[in-house]
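Q: Okay, here's what each chain looks like letter by letter:
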Amino acid sequence: MNSIEVSDLKVSYDGKKYVVDGLSFDVEEGEIFGFLGPNGAGKTTTIRVLTTLIKPTQGIVNVLGMDVTKRGLEIRKRIGVILQQPSYEWNLSVEKNMYIYATLWNIPRSQVKKRIDELIEKFDLAEIRKVSAADISIGQRRRLQLVRELIHDSELLFLDEPTIGLDPIARKNLLTYFKSLAKDGTTIFFTTHNLEEADFLCDRVGIINHGRLYAIDSIDNLKATYEGDRTIEVLVNKAPERLAEKLKSRLVGAVVDGTFNKESPIKIVTNKVPDAMEIINEYIKEEGDSLLWLNIKKTELEDVFFKVVGEQQNE
Amino acid sequence: MNSTIRLTYRIIRSALDVNTISFLILLPVGYLLIMGLMMGSIIHSFNYGGSNLSYVSFIAPGIVADQILMGGSMAGWVLWSDKRTGMLEQIFSMPFSRFQYQLSNLIAMILVTFGGALIMILVAIPFISINITAYGFLLVFIYLVLGTLTFGSIMLALGATVRSNQVFNVISNIMFFVVTFTSSVFYPITSQTPRPLAMAAMLNPLTYVVDGIRGAFLNTSGVADIYYIAVLVTTSAIFMAIASYTYKRIKLSATV
Ligand SMILES: Nc1ncnc2c1ncn2[C@@H]1O[C@H](COP(=O)(O)OP(=O)(O)OP(=O)(O)O)[C@@H](O)[C@H]1O
Ligand SMILES: [Mg+2]
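Note that the protein sequences, when read in sequence, are chains A and B. Just so we're aligned, residue 106 is where the first sequence starts under this note's numbering, counting upward by one. Just so we're aligned, residue 6 is where the second sequence starts under this note's numbering, counting upward by one.
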């Protein structure tokens with residue numbers, strides 16, 4: 106069964122521009138689905154629709170088999186939401202923040218203390234347990250926000266860049282915990298900018314940009330698609346546009362970023378590094394130019410975006 | 006436990022802190038003592054409704070009404086603070102309706118205002134001529150509820166619409182000032198009141214709150230209360246509807 110079904114979702118905040126522009130995807134029950142995309146891509150907006158915070162401008166969205174526009178309250182009873190926006194009760198201690206949250210979720214009194222003590226222990230909050238949320242660090246507040254959501258059970262958990270600001274140990278600890286939740290049947294919808302994280306946690310990812318899905322696949326398949334690709338960054342002095350032109354016309358299957366200028370390098374994603382080097386050399390000889398910067402690196406998430414989006418534009 | 010009660014509990018526990026609540030509850034007493042002593046030293050007593058009344062006795066119900074206004078602004082302020090700390094968006098993603106949040110906010114303010122009024126009445130008894138009956142007490146409570154629903158909803162609508170904290174503060178202060186001074190809080194509206202002021206007082210819901218509470222304090226309530234209550238039920242309904250409309254359209258993640 107599908108926990109999330111999205112069909113041709115469009116969202117506009119101002120009635121003019123669609124910031125989510127025709128998304129369609131499903132998330133299966135028990136799956137960890139990663140939603141990746143650059144700033145402003147529409148990830149948070151999509152999460153707001155799925156958590157019934159805003160209404161879709163167009164399209165059909167079902168969460169746990171219910172229409173988000175009609176059965177918001179019932180959906181919200183069964184989901185857990187960690188928003189990108191930090192939130193906390195500023196004048197209460199960490200512990201009291203958790204108690205109030207338990208009250209809001211109507212957790213039976215008999216279970217609350219045990220549950221909160223366990224979570225405080227597990228996520229290393231004992232030291233700041235009695236400290237006011239106004240007086241703890243930003244990362245600690247994020248931890249409080251995450252741990253608080255674990256007080257109640259949820260069938261489906263939305264995590265909007267949950268690990269932002271966390272130290273590596275806390276990060277690992279939480280991701281491992283989310284993984285164990287998924288093993289017990291919780292479905293997780295997760296956004297991140299960190300490919301390693303997505304790699305560790307997700308079964309499947311979608312890459313979104315400008316409100317559209319450009320790729321949606323299992324991590325393994327995506328990796329296989331870009332295996333062998335390298336990102337070359339090259340900065341030259343005289344005529345970067347001529348070099349870019351050369352690379353574009355002669356490197357089959359490569360994507361050349363068109364946003365370069367005299368200060369920022371030309372970026373090429375290709376699996377034919379030697380060919381690219383030859384073209385660069387040829388250009389330098391022909392123009393009598395000099396090489397100001399050259400960098401070859403393994404393709405990262407950013408480059409995958411860039412390639413996915415670039416290919417889309419070339420079509 | 007019912008969702009609205011849980012939300013109300015949260016607002017009293019966390020959105021309002023202990024200092025704010027104590028301040029709100031003790032404010033009317035302080036206000037009464039200062040106003041009573043200060044104004045009472047120049048205006049000893051005057052004719053009100055056919056009998057001689059000391060100014061401090063006249064002003065006591067007005068202070069309860071002012072307290073209601075204050076509670077109303079607090080409702081708006083709580084909304085603001087929940088927006089700023091991100092709790093509003095979080096609560097909206099939990100199993101509550103937006104109307105429940107609005108209602109719980111108003112209920113919290115009714116409780117705080119009622120606490121303040123109760124303490125003030127107890128402290129004031131030795132100083133003022135008060136002749137309140139059990140029925141009068143019920144009336145005070147009704148006016149307090151309707152007044153808070155009206156002014157609290159106005160402030161909630163403002164808090165949901167306005168995007169900057171300063172604008173919210175400025176508007177709520179101006180409103181506090183205008184609403185108080187164009188009502189019968191500080192002076193009775195009589196045939197000698199300048200016409201524009203009398204007109205303004207007639208259009209001002211606070212006038213009905215004050216006159217109603219004053220009648221209960223002085224045990225002169227009567228058929229006029231039906232009219233007052235009808236007016237206030239109408240204003241509550243209108244402003245609550247406006248507030249819930251603004252809520253539906255509230256901009257999320259308004260970080261300040
Ligand atoms: N409340 C809002 N009102 C108007 N426009 C908004 C609002 N929230 C977001 N937007 C716009 O919608 C677009 C998508 O924003 P969204 O927050 O969904 O991006 P995102 O993918 O979550 O980005 P990030 O990685 O920075 O969190 C952006 O262009 C943003 O400017
Ligand atoms: Mg976002």
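Honestly, I wouldn't trust all of these hints.
[Unchecked claim] Under the rule of at most 25 Å between Cα atoms (straight-line distance), these lysine-lysine pairs were calculated in the BS3-like manner:
(1) Lys256/B - Lys284/A
(2) Lys175/A - Lys115/A
(3) Lys402/A - Lys253/B
(4) Lys256/B - Lys160/A
(5) Lys256/B - Lys122/A
(6) Lys253/B - Lys160/A
(7) Lys160/A - Lys201/A
(8) Lys256/B - Lys235/A
(9) Lys253/B - Lys219/A
(10) Lys175/A - Lys201/A
(11) Lys253/B - Lys115/A
(12) Lys227/A - Lys288/A
(13) Lys201/A - Lys256/B
(14) Lys351/A - Lys367/A
(15) Lys182/A - Lys256/B
(16) Lys403/A - Lys256/B
(17) Lys390/A - Lys377/A
(18) Lys367/A - Lys343/A
(19) Lys219/A - Lys115/A
(20) Lys218/A - Lys256/B
[To be verified] With the Cβ distance kept under 7 Å, some of the chain A side facing chain B (calculated, not the full set):
(21) Leu158
(22) Arg181
(23) Gln190
(24) Pro191
(25) Ser192
(26) Ser198
(27) Ile205
(28) Glu226
(29) Leu230
(30) Ile233
(31) Val236
(32) Ile241
Don't read these hints as lab results, they were simulated from the structure. Bear in mind the structure is a predicted one, so any value in this text is a computation, not a measurement. Beta carbons are placed, not taken as given, at the ideal position from N, Cα and C, and that holds for glycine.
Q: Would you pick out the hints that fail for this structure and give their numbers low to high?
A: 1, 3, 7, 8, 9, 10, 13, 16, 19, 20, 26, 28, 29, 30, 31 and 32
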